[in-house]
Every structure is written in C-alpha cells, then in structure tokens.
Amino acid sequence: MQNKRPSFWQLGWRSMERDWRAGELRLLVLAVTLAVAALTAVGFFADRLQNGLARDARALIGGDAVISSDNPTPPAFEAQARALGLDTVQTLGFPTMGRAREEEGGAARLVALKAVGQGYPLRGSLRVAEAPQGPDTATRDIPAPGTAWVDAALLVALDLQMGQPLLLGDASFTVSRVIVVEPDRGAGFMSFAPRVMINHADLAATALVQPASRLTYRLAVAGADAPVAQFVRWARAETDKPGVRGLRLESLEGG
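FYI, in our numbering the residues of the sequence shown are 3 to 257.
Worth flagging that the hints you see were computed from the coordinates, not collected in a lab. Everything numeric in this text was worked out from a predicted model, so none of it was measured. Beta carbons: idealized from backbone N, C-alpha and C, even for Gly. Don't take every hint at face value.
Simulated DEER-style distance windows between Cβ atoms [said to hold, decoys possible]:
# : residue 1 : residue 2 : range
1 : Ala146    : Arg111    : 18 to 28 Å
2 : Pro137    : Pro77     : 39 to 49 Å
3 : Val34     : Val246    : 49 to 59 Å
4 : Thr139    : Asn73     : 34 to 44 Å
5 : Gln135    : Glu240    : 41 to 51 Å
Could you put the whole structure together from the sequences, leaning on the hints where they help?
This is the structure in structure tokens:
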C-alpha cells in the first residue's frame with residue numbers, strides 16, 4: 003500500500019514546529035511583538051504631543067479662535083459665535099501711563115493695560131498671587147470693579163504696596179493681586195511693559211479710550227471642535243471680503 007504524502011499544511015506545520023524548537027520562530031515572534039509595541043507607543047506619544055501642542059497654542063491666543071482689530075469688533079462675530087453655542091469673551095488692550103498718587107511719590111510708568119470681561123481666559127490658566135514673591139494660584143476670577151491686578155515689576159517701579167491706589171487716566175484702582183502667569187500675553191513691544199489688568203466695566207471711567215489711542219480689541223471664542231471649525235470658516239469668509247480692513251482671524255487652522 004502506497005504511503006500517503008503529507009499535505010502542504012502538514013509540511014508547513016512540521017516546519018513551523020521545527021523552527022520553533024530551534025528558537026528561530028520565537029525570535030521572529032518576539033521581534034514582531036516588539037515592533038508592534040514600539041509603533042503603538044510612538045503613535046500614542048505622537049497623539050499626546052499633538053494634543054499638548056494644540057492646547058498650548060490655544061492658550062497662547064486665549065481661545066480656540068480670536069478676532070482681533072483696531073476698532074470695536076463688529077457685533078455679528080459675537081452673535082455668530084453664540085448662535086453656534088460657543089463661549090465668548092472680549093478684551094481690550096493698549097499702552098498708557100500708570101501713576102502713583104503724589105502721597106506715594108507720584109512716579110509714573112508706561113504700562114500695558116488690559117480690560118477683560120467675565121470668563122477670561124477661555125483657554126489657558128491665569129495665575130495670581132496676593133503679594134510679590136507669594137504663592138500663586140490659578141483663578142477663574144477677573145479683577146473686581148475698582149481693583150487692578152499688576153505685574154510685580156510695576157510695584158517696584160512705582161514704589162507701591164498691595165492695597166494702595168494706582169491711577170489710570172481719570173480713575174483710581176486698588177492694587178489687589180499680582181499677575182504671575184498670563185496665558186495669552188503674546189509677544190511684541192508692549193509685552194515688555196508691566197501688565198495692568200482691570201475689569202472691562204471700569205474702562206469708561208478711565209476716559210483713556212480716545213480716537214488716537216492705539217487699541218487692540220480681541221474677541222475670543224471657545225467650544226467643541228465642530229462649531230469652532232464652522233465659526234472659523236464663517237469668520238474667514240467675512241474678514242476676506244473686499245473692503246474689510248483691520249480685522250484679523252487667529253486660529254490653529256488659519257494661523
């Protein structure tokens with residue numbers, strides 16, 4: 003009786019058993035396992051890195067998207083953001099002189115004034131301290147009406163203490179906090195001037211907003227990815243319209 007020839011699968015199985023016993027297959031399995039693990043780890047790390055960079059970039063501009071301009075932001079932008087369910091906050095920044103009272107020496111210094119609304123900042127963390135060199139904490143509050151938060155350097159420059167008045171235009175503010183970290187401070191010449199932060203509701207009392215003032219209005223928006231992307235597309239179309247001047251869109255998509 004003729005012996006039955008082993009099938010292709012039987013030969014393959016025997017070869018695999020032989021390689022396994024010899025250790026060659028085990029090395030191959032180990033190499034493949036390590037390669038898969040390495041690729042998975044690299045992919046996980048890349049995702050974490052990308053998410054971290056995106057988070058930091060949003061903090062640097064103060065939101066998921068920002069409309070900045072030299073004039074008050076057209077109301078249509080905030081209306082569109084709110085219609086999409088996005089959070090919004092407006093800020094206004096410009097250089098001005100901060101002064102100590104004559105009783106405290108009357109020193110003056112160029113400062114970078116920022117008036118902020120409730121909800122600031124939408125992205126990132128604002129950190130303040132109750133005294134220079136004191137421990138700082140993250141806060142979701144903004145300066146209370148009649149108070150100012152300042153860089154520690156300004157206290158030194160004006161020889162002021164916490165709780166003393168700081169004069170800005172026609173108004174007087176009580177220094178109540180020291181700014182330690184301001185996420186959306188940005189770059190540029192004015193970033194080197196000491197920061198003074200006040201409540202947006204106090205701005206009119208200073209009488210500092212004049213036609214010749216170098217003002218920067220910013221409308222920040224934040225929310226879920228899909229409505230933010232929709233807002234960015236709409237805002238880009240608006241800012242790119244012929245005849246539109248002085249409106250700038252900042253976002254991770256648009257730069």
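Tested hints:
Against the hinted window of 18 to 28 Å, the Cβ-Cβ separation of Ala146 and Arg111 comes to about 23 Å, which satisfies the hint. Taken as a hint, the range 39 to 49 Å holds for the pair Pro137 and Pro77, whose Cβ atoms sit roughly 41 Å apart. For the pair Val34 and Val246, the beta carbons lie near 57 Å from each other, so the given range of 49 to 59 Å is met. Evaluation of the 34 to 44 Å hint for Thr139 and Asn73 yields a pass: the beta carbon distance comes to about 36 Å.
Look at Gln135 against Glu240: about 46 Å separates their beta carbons, and that is inside 41 to 51 Å.
Comparing the model with each earlier hint shows no violations; every hint is respected.
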